[in-house]
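Asker: As you go down the protein sequences, you meet chains A and B in turn. Going by our numbering, the first residue of the first sequence is number 1, and it counts up by one from there. Going by our numbering, the first residue of the second sequence is number 1, and it counts up by one from there.
Since the hints were made in silico from the structure, they are not lab data. Just to be clear, a hint being listed does not mean it is correct.
Just a few of them, taken from the derived set where beta-carbon distance is under 8 Å, the chain B residues facing chain A [to be verified]:
(1) Pro148
(2) Asn151
(3) Thr155
(4) Val156
(5) Gly160
(6) Ala163
(7) Ala166
(8) Trp167
(9) Arg173
(10) Ile187
(11) Leu190
(12) Ala193
(13) Thr197
Backbone N, C-alpha and C fix where the C-beta goes; we use that ideal spot for every residue, glycine too.
What follows is each chain in one-letter form.
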Amino acid sequence: METVKTPLHRFTQRPTSRHTYPRFWERAIPIFLVLIGLAILILLGVGLAVVLGWL
Amino acid sequence: MNFVTTVLPFLSSAVSLLFALLVLWRFMRKRGPHHLLWGIGMLFYAIGGFCEGYYGAFGWNPLIFRLWYLFGAMLVAAWLGQGTAYLLIRRRGVAHMLMAILLIGSIYGAIRVFSAELDPALMSGGLHTASELSGRAIVTPGVRTLTPFFNLYGTVLLVGGAAYSAWLFWRKRVLLHRTIGNVLIAIGALLPAFGGTFSRMGIPGALYISEFLGAVLLFAGFLRATMPLPQSAEAPQVSQTVTS
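Just chain A, with the same shape it has in the complex (with noise of 0.2 Å):
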């Protein structure tokens, strides 16, 4: 038996997991969750500008 594996299978799925969510969320997923983040991260870059007087 030969399961799918992509550099971030750790990080993506457990080791004895067989299941998947229909197809669109499986793809669709992974992206929402990295806009996300990037999201985060350019909020916290403006705020730090805001409380150093950047911005």
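Given the coordinates of chain A, assemble chain B onto it according to the supplied hints.
Answerer: Positioned in the frame of chain A, the structure of chain B alone reads:
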């Protein structure tokens, strides 16, 4: 009557109030502290929206401004985030400690906002047309400096907490409705944060539009997370495997 500066904030307020009442009703049934804090946070959201709509409809009022700044600009994100803290932080003592700090900070913020000197003329200048409420009306130094600390704390907890929850569910490929709901909550919480940033940079309409969309997505996310999808959509699918 301008739609963006009057009707839209009242709509945000109505959506937020409805959401708050639903969450507080859940608190009455289940007694989870996160429900109580989210409910209070959404009440703050509703107060902020109402004050914005009031300003758009009736003009300047110092009390309305102070209420808007305190609840809508300063505290809403932090109290919503604190609700997420109670949900996700396992050590209840840590959550209580953060709550105590937030409470003290909120009281201090309230004192500073209600004792601050105001000048509504300062809301117009540069790209600002004074058609929207803006923290620029606060003359007293040091008051506006408090806001980013509350907002950063709340945004990181609320957005980060929702994203973390979504990632946990996605990683295990379970409870799709909660994954989707948490993604919607994270996006809904991000929108007003960016709207406030764009407003500070002088982009008109950004704050009110983002607040309305944020309230809608937060509400939608909460409803999605608490209501499972139909069995066929929710049930995990067995991945294709190659048998040797």
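Asker: Any hints this thing doesn't respect? Which numbers, in order?
Answerer: none
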